[in-house]
Amino acid sequence: MNLMIVEDDPALARGLQVNLELEGYQVFWADSLKKAFEINDSQSLDLVVLDLGLADGTGFDFLKHVREVGSRLPVLILSAQTDEDSVVKGLQMGANDFVRKPFGNRELLARIKTILREPQLRENQLRFGEMILLLDQRVVKFRGNDISINRREFDILTHFMQRPGVIVSRENLIAAIDKDAEIYDRTIDSHVSHLRKKLKDNGVDTIKILSVYGMGYRIEKYDKK
Numbered sequence: 026m027n028l029m030i031v032e033d034d035p036a037l038a039r040g041l042q043v044n045l046e047l048e049g050y051q052v053f054w055a056d057s058l059k060k061a062f063e064i065n066d067s068q069s070l071d072l073v074v075l076d077l078g079l080a081d082g083t084g085f086d087f088l089k090h091v092r093e094v095g096s097r098l099p100v101l102i103l104s105a106q107t108d109e110d111s112v113v114k115g116l117q118m119g120a121n122d123f124v125r126k127p128f129g130n131r132e133l134l135a136r137i138k139t140i141l142r143e144p145q146l147r148e149n150q151l152r153f154g155e156m157i158l159l160l161d162q163r164v165v166k167f168r169g170n171d172i173s174i175n176r177r178e179f180d181i182l183t184h185f186m187q188r189p190g191v192i193v194s195r196e197n198l199i200a201a202i203d204k205d206a207e208i209y210d211r212t213i214d215s216h217v218s219h220l221r222k223k224l225k226d227n228g229v230d231t232i233k234i235l236s237v238y239g240m241g242y243r244i245e246k247y248d249k250k
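Take any residue in the sequence shown, count from 1 to its spot, add 25: that is its number in my numbering.
It is worth saying that the hints were derived from the structure and are not from the lab. These numbers were taken from a predicted model, which means no experiment stands behind them. We treat Cβ as the ideally placed atom computed from N, Cα and C, and that holds for glycine. One or more hints might be untrue.
[To be verified] Pairs of lysine to aspartate or glutamate residues, derived as DMTMM-like cross-links and limited to a Cα-Cα distance of at most 20 Å, are as follows:
{"hint": "1", "residue 1": "Lys-59", "residue 2": "Glu-109"}
{"hint": "2", "residue 1": "Lys-222", "residue 2": "Asp-180"}
{"hint": "3", "residue 1": "Lys-126", "residue 2": "Asp-33"}
{"hint": "4", "residue 1": "Lys-126", "residue 2": "Asp-56"}
{"hint": "5", "residue 1": "Lys-60", "residue 2": "Asp-33"}
{"hint": "6", "residue 1": "Lys-138", "residue 2": "Asp-161"}
{"hint": "7", "residue 1": "Lys-138", "residue 2": "Asp-110"}
[Said to hold, decoys possible] Estimated spans, in silico, between C-beta atoms of each pair:
{"hint": "8", "residue 1": "Ala-135", "residue 2": "Ile-192", "range": "42 to 48 Å"}
{"hint": "9", "residue 1": "Gln-117", "residue 2": "Asp-226", "range": "33 to 39 Å"}
{"hint": "10", "residue 1": "His-184", "residue 2": "Asn-130", "range": "15 to 21 Å"}
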């Protein structure tokens with residue numbers, strides 16, 4: 026499982042990272058709010074250990090963003106801000122737990138494992154940049170807004186998002202999603218074209234489904250600036 030530590034104290038972050046890696050977790054470290062957003066956008070995370078006091082913002086800013094875009098990524102706040110207002114605010118904003126500093130490593134690990142055992146807190150989803158697919162509900166979200174697409178388009182988008190940056194041939198795409206023998210090579214381009222239009226019409230401006238001449242398609246993120 027992939028965890029991210031958002032902590033601007035290098036010594037504390039390194040200690041946490043070592044302990045969690047000894048438990049078998051893949052651990053990413055962000056020492057700033059900016060880095061936390063970058064890792065969240067580029068990695069498939071299972072849980073975030075979040076400090077509130079950061080040089081370029083607060084942990085509340087990160088929590089607010091991930092909840093507003095529809096992500097149910099588990100977040101455990103780990104903070105020296107132990108006043109009741111901070112605890113209540115974090116939980117009301119969608120944090121799954123709040124641990125006060127200083128803390129015991131065994132207690133923190135137990136709380137992390139408890140959160141990760143709760144399936145309702147880890148809804149089956151895919152994330153690519155600002156886009157989230159809730160696979161069980163078959164819902165597409167971009168910046169917190171739902172995008173309505175049909176069954177075939179959802180299957181195609183899911184297949185692309187499971188292979189970010191990888192060229193997917195038409196034949197591979199058909200074989201992967203054609204459960205009912207309804208898609209043919211001559212119609213796949215039409216499905217992709219309709220999907221592209223719906224994404225564009227719904228303001229998706231940082232993700233593109235590109236055509237790769239003679240090979241197929243590739244989904245990519247890009248900075249609109």
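Tested hints:
no., hint, in the structure
1, Lys-59 to Glu-109, "violated (27 Å)"
2, Lys-222 to Asp-180, "holds (16 Å)"
3, Lys-126 to Asp-33, "holds (14 Å)"
4, Lys-126 to Asp-56, "holds (17 Å)"
5, Lys-60 to Asp-33, "holds (11 Å)"
6, Lys-138 to Asp-161, "violated (23 Å)"
7, Lys-138 to Asp-110, "violated (26 Å)"
8, Ala-135 to Ile-192: 42 to 48 Å, "holds (44 Å)"
9, Gln-117 to Asp-226: 33 to 39 Å, "holds (34 Å)"
10, His-184 to Asn-130: 15 to 21 Å, "violated (41 Å)"
Of the numbered hints stated above, those contradicted by the structure are hints 1, 6, 7 and 10, listed in ascending order.
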